[in-house]
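Colleague: With these hints in hand, go ahead and build the complete structure from the sequences.
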Amino acid sequence: MTNYEATSLRDRLCGSITSSDIGNRLTVCGWVAKRREHGEHLAFVDLRDRSGIVQVVVDGGVDVRSEYVLRVTGTVTARPEGTVNDKLSTGEIEITDCVVEVLSAAEPPPFQLNDRVDIDEQIRLRYRYLDIRREQMQRNLRVRAKVNTALRAAMERQGFCEVETPMLWAPTPEGAREFVVPSRLHPGDFYVLPQSPQIAKQLLMVGGFDRYYQIARCMRDEDLRADRQFEFTQLDLEASFVTQLDIMEFVSQAVLDAAEAATGERPTTIDTMTWAEALDRYGVDKPDLRFGMTLHDLSDVFEASEVKAFAAPTVKAIRVPNGSEYSRSRLDQLTERAKDLGAKGLAWFRVTDEGLDSPLDRFLSDVERAAVRSVDGAQSGDLILVVADEYVQACKVLGALRVDIGSPPVSQGPHRYVWVTEFPMYEGLDDEGNPVPAHHPFTMPHADDLELMDTDPLAVRSQAYDLVLNGWELGSGSVRIHRADIQARVFASLGISDEEAESRFGFLMGAFRYGAPPHAGFAFGIDRLVAIFAGEENIREVIAFPKTQSGSDLMTGAPKAITERQIRDLRIRVSPKV
RNA sequence: GGACCUGUGGUGCAGCUCGGAGUGCACGCCGCCCUGUCAAGGCGGAGGUCGCGGGUUCAAAUCCCGUCAGGUCCGCCA
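For the first sequence, position 247 matches number 439 in our numbering, and the numbering has no gaps at all.
Listed below are the simulated BS3-like cross-link pairs for lysine-lysine, each with C-alpha atoms no more than 27 Å apart in a straight line:
(1) K752 with K769
(2) K500 with K531
(3) K588 with K531
(4) K478 with K338
(5) K536 with K478
(6) K531 with K478
(7) K279 with K226
(8) K588 with K478
(9) K588 with K500
(10) K338 with K279
(11) K739 with K752
(12) K739 with K338
(13) K478 with K739
(14) K739 with K769
(15) K500 with K536
(16) K536 with K588
Distance ranges between label pairs, derived from CB positions:
(17) G253 with T275: 16 to 26 Å
(18) N626 with E327: 48 to 58 Å
(19) L360 with Q445: 26 to 36 Å
(20) S767 with R334: 40 to 50 Å
(21) A337 with V559: 58 to 68 Å
If you're looking for bench data, these hints aren't it; they were derived computationally from the structure. Glycine included, C-beta positions come from ideal geometry on N, C-alpha and C.
Modeller: Structure (structure tokens):
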């Protein structure tokens, strides 16, 4: 029982009334969840508020219908022998001898608000204000609130100071596409909404706030996915006079506290592995440790192979337990998927008591056949999938197939946290041959790899690290560059001239000339964290008013045209729709 | 930008392969009956642009083309 039940209009929450209240006369408010009539002298009304349901016994003549808002004053009474409902927390009692006041009548809702059938998401989003009355959405959003509270408490306990940063920021054409806001007072110029408070928080470090945090909204105008909305919420933090290990400890404390608040259980461990290890064994930079099916290297076996399909620098394989049951069409689907992911093809081998069942089997040498047969301790009935390609490509394709095939539902399995460290500084070359930063250009290179900056930039590791939970990237962080000479070398390696750096990040470079402490930070997505805690595959389920995959809000109709007057004030011109 | 899946009374589905009257199921809604239900029950009733447009056909929810909306994914997300 909370202290927040009573108001001027009510005494208690519906779901909190128990047999210890029997005999008391009290008032509750709520929505009509269900009415069951038994003639003109008796009807049962299930009254629902955020806490649950209580049964109200009324005269059959009382005209209340689904989703009417009622204020009911009555006496808490033990239910008669044999009518106790043990499915309800309030199932031992009911409210009788009632005065019913209709606070608000209601039209029949467009869909039923119980959780018994799945409603099309389009309908749910159009009537989101009704959808969030449902128990599942109530629960999800309250888990989210608990997580936020736990995160704030953890950061405060660790001495962090909450600072708000601007929503209207300066364009920095780099990274994610920005949402643009035209300036009325400066016609022709624009603000952007922050894709993250990255630069602001580094300026806070220069400003002496040695431990900053914020529950920050971030906006990115990129295509949406199950785990990506235009706007999302991060726990953003940054600290001075720290190493990567300090940051990882701060974040671990916050996440573990949040987990405990949301699930009631505090995870005991967070694993750590390097990026190279994650790629090699799991084929991704966000490994899901809930299941095996790790990648096994067969490159040596096939180094001088006659099999043309395996003539590649790297040959890797995974074992699919009991996968030999897969139909030919399923195997064709997997092959298609592998090609979508950029592979040249996918080889499959059913493991049988007799040997291997595969179109490629007759091309294999005995040594090769034995190697495939024994991948990951394969048993009869398993399936071996093999991809041959450049190293990174082979790993990534097989890693994606591993997730497609083996990944349990979000709601299943343990919560396996893992830090992925030593990300590469660069993730490839752009069209002009310049390396592309894997994180952002303020990321500190690994101290041991500074010498490689000029000779072999793609081999340079960075002091960047991700936190991963069950195959979802929760967030990432890095040690930042605070020395002008190193920053200049990184910009040079990226092909960014001094002038360009000055015009893009001048205020940050300027700030760093006035005494920048060594600092590092992190940010992780609260939407994703809560979705996993809530057992939801999609972050829309933990967001009150989300957008569709095409970026529409089906409830408000956004995005919408603005008025001629607004356009004129902003001094912008809108091209006609094509 | 691309691939795939979905769209049928208010809601959830079946019908589509193999064209033949808007056919069916469950929930909801409206009316009547019912004093112990809680997925209440009984009787009766209303409710449809089969997403939209075009084509094929004697005939289209069903086949073909296009389009819109929603979803999953690839690209994209420093």
